[in-house]
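Chains as they are written, first to last, in the working numbering: chain R, 245 to 620; chain B, 964 to 1442.
Worth double-checking, as some hints may not be accurate.
[Claimed, not checked] Across the chosen pairs, the derived CB separations fall in these ranges: (1) R:467 / B:1208: 57 to 65 angstroms; (2) B:1285 / R:467: 21 to 29 angstroms; (3) R:427 / B:1307: 39 to 47 angstroms; (4) B:1432 / R:531: 54 to 62 angstroms; (5) B:991 / R:424: 37 to 45 angstroms; (6) R:293 / B:989: 47 to 55 angstroms; (7) R:304 / B:1329: 16 to 24 angstroms; (8) B:1301 / R:318: 26 to 34 angstroms; (9) B:1307 / R:555: 30 to 38 angstroms.
Simulated from the structure, these hints should not be mistaken for laboratory data.
Built from N, CA and C at the ideal position, the CB exists for glycine as well.
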Amino acid sequence: MSSTESPAADLSALIAAAKQKLDAQTYEIVQWHFHDSTGSPFWLEKKSELNFDPLTEVNVFDDLKKFPLFEDEWLRGGPIRRWVPKGLDGKPTYVFETGGTTGIPKSRMVIDDFRIDYEMFSKTLPDEYFPPGANWLMLGPSGPRRLRLAVEHLCQFRGGICFCIDLDPRWVVKLIKKGWMEHLEEYKKHCIDQALTVLSAGHDIKCMFATPKLLESLCTGLEEQGKSFADSGITGIFSGGTEFTPQWTRFCVEEFFGGPPAESGIYMTPTYGNTLMGLACSKPVTAEEDYKISYYAPQTRAATEVVDFDDHTQLVGYGETGRVKLTTLTKEFFVPGFLERDEGEREEPFETYPWDGVSGVRPFHGFASSTTVGVY
Amino acid sequence: MIEIPVIRWGKEYKSLEVKDVYHFSTGEPVAKVHYANGGIIKRDMRSAQKARTILRDIPISELIDRVAKAADYYENATLPIGDGMQTPEDFARQQSSTTGLPEHMCKGNMSKNSFVLRNMGKILDCLTRGLPLDVLSRGWGIEDRGVVVSYQAQSPVLGAVLPSNSPGVHTLWLPVIPLQLGLVLKPGPQEPWTPYRMMAAFIEAGIPKEVFCMYPGEAEPGAALLESCDRAMIFGGTPTVERYKGNPKVQAHGPGFSKILLADDVVDDWEQYVDIIAESIYINSGRGCINCSGVWASRHTKEIAAAVAERIGPIEAKEPDDPEAALAAFTVDGMAKAVWGMIENDLNEDGVTDMTAQYGDRLVEQERCAYLRPMVIHCESPEKEVAKKEYMFPFSTFVECPEEQMLAKIGPTLCGTVITNKPELIRAASDATHIDRLNVGPIPTSKLNWLQPHEGNIIDFLFRSRAYQVPEEMLATVS
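Looking at chain B on its own, in the form it has when it is part of the complex (with noise of 0.2 angstroms):
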């Protein structure tokens, strides 16, 4: 069995409070992972500015050079990982063990993380828009313009509380690496798995390990970084981000309520919508922010949802290392079944329907953890205690409510597909800041273009654009 440790700027730490984690269906020990004390991290903080000093010494397109090799080692190499190694086909099987999701959806995960690193170069140059790097590393230079500008970096660091249940998530930090700020993660505690090979890929390619920390554990050290460090993205439910919000030192990342929105111009079309509208219900086992759990029309929804409830609500529970498996299990004793309940309940209201009760029951649970199966729910009016409510499975509501209500009745949407050609209504979208992404016709809200921003740009969260003024003779020295 594998012995995760802890590690503090580089170096591995062995603490005395060590945990095992568990194969989510024997109940086998899959790893040893040991749990980092909250004030190791505010004491390794003090030494934050290092991380970035060395990382300043390597040139951002040095760094970005070697962030794509480190994609190649990430998807393909045997990288050592704790007491031992790990190759892509072992981290597959560990990570679907723990997280409950399906072997071919961890892989497709890596996939997507690789492709993000290979990318590096292109995705920076979109979220700084076309700001020569350099800027970001001296905090200052000139604009093609001509004009001087400075970035300056709000924290030698970026902290990241990341979850257990979305190995999707990781995309959102890899940037800093090449942005020469160190890294500094508490692993969920069932996803360790991300979080160290993606640091094994990176010392690999030559990132120096001085520049990363792990803190694997509970509530405690998650707190920690939070305090201790100036910049740091969470990963939660609703409450994590009403109480991180109006906080600038903390990105918090929560359910995305994404929706589909059919306007009255496209409706009667329904019938070439329903693909677009299934893949962003069940995709990746409807576990993402990205993932759609309302679409809303103003009529023809009950058609709709038959549709979709057709399409994926026959969808079965398959073991992990199924290549067909659709659906991730619920690791977590007793959660799959107190969603079922929460459902239950909303499904009593008058005006609810359950468009997937024909499809047999919803609720499988097996010895030592349970399978929610997609779900489709119409609902009469927006009013419903359900229209807005956002599972960690295929589920979502089909909500009647007349066009010209839609934008203001949906609430915070992370990804909003508007299906219309009524400029007016994208007009209204475009404008609508409750909607974080915005796509414009049949796109699915799960389909995300990594040149563009997610939920706030990483570079606005990092640096700060500030006025700067420097003698001409300072100047000719960087043009």
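Bound-form chain R, shown alone (with noise of 0.2 angstroms):
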């Protein structure tokens, strides 16, 4: 074997030992959701209305195309027992509801995920912007949301304390179909009026979560009191969601930070995830790649596919534009795949990650005017 085959041979042994490992899990998760003794009685239920037997007939990752897709639809309203799997009864459990929707909101049971998750994160984290022990600042939603219990777990995982604003998204949907468009940004004044009374309490605060339009009104809100964002001491942000884009990235570090983290001394990185599934990382998004954003998912515990538009079982070619569809497969919670409501470009395993990825992900073409996103 030439020096120059190497890589690539290597790359494909960690492929392949990365999809034999997601098989593997696929299996051991199958058996657990479906199985009398430690299922729980929502997939219990679901089982007799499928017809195949799951307990025979998912061996392997592409054997999940077997299921119906998972409708969200299906985690809104009660009993919330019926999502605890039998093996776990008896554990502490929390319900996490989803954004910024009204009426009945769509919930899913949470054991320990959200914290197994966001450990697997921070190893993602360079210590040199996040530095352990350091304290954090929560600039999300609150209330009843994985995201804020699962940031402060991270910070504390890293040896520091985390403060929190009160952030209701719930009221901004509401302001927003109202269209009382004062009282949002109002509201969003108010969460920064709290970030900034953090910020200047001295709490040593170095590293921060915060979604793309609370952080770019955090910047701006320092800059109106004559100070930059590298004066409130933080070095390390991590945000998310659709809105982070690019051309956003691009402008925060060029406008906002003073330049990338080796001149500014400030890292940002994007991540992408929703409460049905943990926290998918990026590649380091660097100015040589003009900013390109590619997401990867936390194989084996979860995985995204980019698949076709008119057949979800079908991928795209790499590089191919798709509609992202997510697939959980976790000890507490099992989704045999779900059409988010994004799309994206396909992208190849690497080294760190050696399975598929998505870049470019944004709200999916179909229903992109309907949905609201990034309202807080």
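Two chains, two separate frames, one set of hints: put the complex together.
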């Protein structure tokens, strides 16, 4: 084997190994959720509706295509206990609700998943910019949200103490629907005021989570006080969502942070995820690559695929555009294929993440106009 | 293919978000347009005052002269646009190719814009009611009758969220530069052409480039612009108008629902008005808010409708470069069909008649676009659902309504042509606050007098009259 062939061969081996692990995880998780002694009432009941036996006919990841698509409407309303696997009965259980919906929210039960996901994510954060022991600011939604507790746990896991603000995304959605744009602006200011107050209070905060809109407003708020973002002392930021675009990243880096991390000392990393799955991380985002953002799911606990718009069982080619399909495979929660509200381009595996990724994530064109994104 | 950058106070900015703009009928990409993110706009607007400072260094009279020169450049010169150059012919072809408007109408709109630029001095004189223009520049001054007046600019710039489908609206923001305010535009996604060419013409005529911002994009930059400019215009549908109603920072321009009212004293002579009715409906492909979408009379409505239908019903969809083309294409996929569906639904109501039915199919679908041919619809009463509808093609209802009920029932009307000699009806129409522009007599709704305000006086929108007292010795310095 020549030296030039070696990396490719190594990558192929990594890809094969990752695939094998995913298949093994698939088998184990399906056995868990559909076995009478360990499965949740929801999936045990669902089993009777299936025209196949998941216990004997799902052996590898590809077999998950036998399931109908997961419908997030199933998560609306109770009883929440129907989602708790019998094998985990008696453990302290949280319920997390999805973002800015009104009416009966979609709920997901969680025991430890959010901790595990964010501890895995923690390993991807460079200590230089996210110093262990540093305190954090959570500039995002509060209330019954996974994100709120997850960020706090991430901070604690890294040895810090997390400061939070009050932010009710449901009120934000109502303001938008009512067309009360002035109130919306005031509410945003109210959130930023809370953050500016915390930052000015001598708590030595060095890291933060912020939604793109709030991060932008915070930077503006600091500049209105005659300060730069660097003056806040924050060196590490993680953010996320479809608004976290290459152009937005470049704008922040060039105009708010004062340059790339090596120059400004400020590092920002995007993430992609929701209450149903863990946290997909990005390849490092650099000016050299035009701030391209490519997400990779935390396999084997979750997987993302980019599938054909008309046939969700077919992957699109690398570099081609399709709908984002999520699969969650943990002992707490099983999602055998959920079509996200987003689309993007399929990305090649690489050494760090030897499985498929997705780039250019944006609202699915099929209903982009009816989806309210990035409301806070 | 031309690449059109974002412009930030005169400087080109290449975004990482670039969208192609396509030819509506061939599907070929015509231009690559760089999209601004909202944060850029909010950040840039923090230095908006600079634009006013720069322009205040140039006397208004000098700006008026430069703007008149810009008219010539706009109409006749080869000007830079993005990384390319553009002749007037290129402009008309490019604008037509992305908006669906026939080329000769694009040229017609060029003449309209140039006319406004050339006559800016006169227009400002009329809109300010003869105010010495240095009052606007200095903020205060003395009127001819010796009284101190003050007009305070309410914003250092005017922002405008422009539409894609009505290249005729640009005359509304043209007075801003000579009023010494910066110009911050979000061009419509399919119509970057007029804002960029106009900016190039202004710069060629000596207006400093640092007073212009161009932020192409979709909804996000539009919202950011409205949020960060203290005075802004937006063009949209009824929901947009409703949303910004009562907001002093935003002037929302929506559907016009312009109408012609034939009073009882003239309606028996209706034949003499068929020409102005037809012109009001179909000119500029019926796309403008000033196009007539309702003709109201107490009798003969069916005969009038039939006569107008005979005139405009046979108009066919033609190629955009055909000098005879009278219809603009619907370039957004499915829109013409959806509009046709709504009209078909309304036609099911009793007492509603399609007077253009005998002139062939109205919906003309082509591979990548569609046309709606002119429609004349008769309504037996104002209560019919379709009576007050307005669409983006030559479309008008002809509504039978007793004269004494007309003003109460016509609803909001941007241009109201009231044809009558009755003093009491003229007085009532003059008092009707739901009619914006009033034409008394046989004047097409589409005929604008540029010396008069349109949907509010831009001077009142941009400046506030207020008290201002100074010592006698200061008075001497300005008198």
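Results for each hint:
no.: 1; hint: R:467 / B:1208: 57 to 65 angstroms; result: violated (33 angstroms)
no.: 2; hint: B:1285 / R:467: 21 to 29 angstroms; result: violated (54 angstroms)
no.: 3; hint: R:427 / B:1307: 39 to 47 angstroms; result: holds (40 angstroms)
no.: 4; hint: B:1432 / R:531: 54 to 62 angstroms; result: holds (56 angstroms)
no.: 5; hint: B:991 / R:424: 37 to 45 angstroms; result: holds (43 angstroms)
no.: 6; hint: R:293 / B:989: 47 to 55 angstroms; result: holds (50 angstroms)
no.: 7; hint: R:304 / B:1329: 16 to 24 angstroms; result: violated (49 angstroms)
no.: 8; hint: B:1301 / R:318: 26 to 34 angstroms; result: holds (33 angstroms)
no.: 9; hint: B:1307 / R:555: 30 to 38 angstroms; result: holds (34 angstroms)
Consistency note: the structure conflicts with the earlier hints numbered 1, 2, 7.
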